[in-house]
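There are 2 protein chains.
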Amino acid sequence: MGLYIGLDLGGTNLKYALGDETGKLSTKKSMPSLSNENQDKIFENIFSAIEELLDETDSDIPAIGMGTPGSVNFERGQLNGTTPNIPDWTNAPIKKSIEDKFGIPTYVDNDANVVALAEARCGAAADCSSVVCFTIGTGIGGGIILDNKILRGASYSAAEVGHITVEMNGKPCGCGNFGCLEAYAAAPAMIKRYRHKLKRTGLLYKEDQLSPEFIFQKAAVEEDFAIETINETCDYLGTGIASIVNVLNPEMVLIGGGVSEAGEEFIQRIEKVVRQKIMKACSDVLKVGKVQLGNDAGVVGAILLAAEGK
Amino acid sequence: MGLYIGLDLGGTNLKYALGDETGKLSTKKSMPSLSNENQDKIFENIFSAIEELLDETDSDIPAIGMGTPGSVNFERGQLNGTTPNIPDWTNAPIKKSIEDKFGIPTYVDNDANVVALAEARCGAAADCSSVVCFTIGTGIGGGIILDNKILRGASYSAAEVGHITVEMNGKPCGCGNFGCLEAYAAAPAMIKRYRHKLKRTGLLYKEDQLSPEFIFQKAAVEEDFAIETINETCDYLGTGIASIVNVLNPEMVLIGGGVSEAGEEFIQRIEKVVRQKIMKACSDVLKVGKVQLGNDAGVVGAILLAAEGK
Chain A
1 MGLYIGLDLG GTNLKYALGD ETGKLSTKKS MPSLSNENQD KIFENIFSAI
51 EELLDETDSD IPAIGMGTPG SVNFERGQLN GTTPNIPDWT NAPIKKSIED
101 KFGIPTYVDN DANVVALAEA RCGAAADCSS VVCFTIGTGI GGGIILDNKI
151 LRGASYSAAE VGHITVEMNG KPCGCGNFGC LEAYAAAPAM IKRYRHKLKR
201 TGLLYKEDQL SPEFIFQKAA VEEDFAIETI NETCDYLGTG IASIVNVLNP
251 EMVLIGGGVS EAGEEFIQRI EKVVRQKIMK ACSDVLKVGK VQLGNDAGVV
301 GAILLAAEGK
Chain B
1 MGLYIGLDLG GTNLKYALGD ETGKLSTKKS MPSLSNENQD KIFENIFSAI
51 EELLDETDSD IPAIGMGTPG SVNFERGQLN GTTPNIPDWT NAPIKKSIED
101 KFGIPTYVDN DANVVALAEA RCGAAADCSS VVCFTIGTGI GGGIILDNKI
151 LRGASYSAAE VGHITVEMNG KPCGCGNFGC LEAYAAAPAM IKRYRHKLKR
201 TGLLYKEDQL SPEFIFQKAA VEEDFAIETI NETCDYLGTG IASIVNVLNP
251 EMVLIGGGVS EAGEEFIQRI EKVVRQKIMK ACSDVLKVGK VQLGNDAGVV
301 GAILLAAEGK
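Those protein sequences? They're chains A and B, same order as listed.
Throughout the first sequence, residue numbering follows the numbering used here, covering 1 to 310 in sequence.
Throughout the second sequence, residue numbering follows the numbering used here, covering 1 to 310 in sequence.
Be careful, since some hints might not be right.
Within a straight-line C-alpha distance of at most 16 Å, the following computed EDC-like cross-link-like pairs (lysine to aspartate or glutamate) qualify [as the list claims (entries may be wrong)]: (1) Lys310(B) with Asp147(A); (2) Lys149(A) with Glu251(A); (3) Lys149(B) with Asp147(A); (4) Lys310(A) with Asp147(B); (5) Lys29(A) with Glu56(A); (6) Lys290(A) with Asp40(A); (7) Lys149(A) with Asp147(B).
Bear in mind the hints are in silico, worked out from the structure with no lab data behind them.
Okay, chain A solo, but in the shape it has when bound:
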């Protein structure tokens, strides 16, 4: 039994780890991802991380896995177009570059898909063959596991769970559509709504003072506007999640990302809204919970992707 290398490329950090086919990590490291450098520099950085791990072990390395932002053509292991936080990562031929350099089979997928895989295999949804994983932060992203496999979609663009409609003809969304879940329930929307409520009272905060954490803290001390803002966010999230549950009838819905750090009560409130809105047969089998693997999810998922090779 060899060890696999898992890489998790982000806008800020590159996490890299060694682990086995069950997702158990034996080494775990992080370095800046150099995401604003040119593509060659980013690859050199990734190569140095791989070399560092190879130097550290005498084990056979049967495969390398990697999660990256952006849409990824899984078969080619190549970025489909651009990704906003890594400007020169456009069409990056990740699989080919790593395989050419190291001669080790490499598997690459979108980071949210890789996180969903990790949670479905050895995280919060470890006993589930179908999972929808929501990541709620600056945007709302997601990964979907159906029939134990990542749902990639016909152009590797499935699981855009932030871009389902909650209000037809509603607020404009960054994607060009109107009324998307992301436009109502991601962190910026939450902050905007809270500021708007505060304005009525004459209370003004600067943009950079406000964050979901701030709102959750205010809600914890019973500030009405904060509580209102959170309840509305849960209503929107619950509505969007319910739509997806009625279509996919999954075993589990997982909630992760910065906004989910608000704690158990937040998740419970979302769950309550979801259950009010979905079909009974869907509710009977559905579990709702929080992601479990935290910062390790990306490298664990990348290792599993490598181990499973699909």
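Starting from the known structure of chain A, arrange chain B on it as the hints suggest.
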């Protein structure tokens, strides 16, 4: 190569046919489904249809397939609970009853799933491995094929595509939720909206004079209210379909059911709305079209279900 038996049980008719593993029919028949009789009577009727087909052929019959309204536990071939148009069909043990009687392996699934299978194998989506099929009539139902397989869901309740939200806190829906696509775009909602517009002019039609066909006829002669009603219906349908496309990134969306009979222009308008709302990467690969197999879809799908045995 043998011939398969396909059965399509509906609230009015039981269609039954012989066909090969490509879905090509050699015999096609129909009789009343006796849907208001008790379960024994309905089964006797089904048995007589099977006997009639067995009498007609000397071919080996390797398997029987059937589509039925309601949620179906595919492994057990049994209805999950009730279905409104066949009152005594609750928990009907279809697979067991037919296998006990004829000793022929039997596969049973929800009728919308079976239709989607037929369209994906030898209908409008014959070259597609992922298809979302919408049936727009009194309600809005659907069937989903992903990775060439029927998406059944954790409790055999997937593809409730009529019950995704288009307007949060919108109109009440029969499912208990508010703002579902079905509450805005199924035939009854369309008729209600049209009547409401006519009231403004003092024009009154009796409930039973109005139908989607009537509205489409009026639109064809440029009646403003009819055109408005149809445009609104397309906006709702396009919004709901777009949400699902952004989540599943399928190769094809198919539209069927009574309301879809309005013709090519209706489908084209829905497609236009869908493309305005979905992510570009999803639009690049998506085809939108009308179902092709019409009244045969149910028996063809049942035959394919039997032939594939899954």
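Hints, verified against the model:
1. Lys310(B) with Asp147(A): Answer holds: Lys310(B) to Asp147(A) is near 14 Å, not above 16 Å.
2. Lys149(A) with Glu251(A): holds, 14 Å
3. Lys149(B) with Asp147(A): holds, 10 Å
4. Lys310(A) with Asp147(B): Distance ~14 Å between Lys310(A) and Asp147(B) Cα, so the pair holds.
5. Lys29(A) with Glu56(A): holds, 12 Å
6. Lys290(A) with Asp40(A): violated, 37 Å
7. Lys149(A) with Asp147(B): holds, 10 Å
Hint 6 from the list above is the single one not met by this structure.
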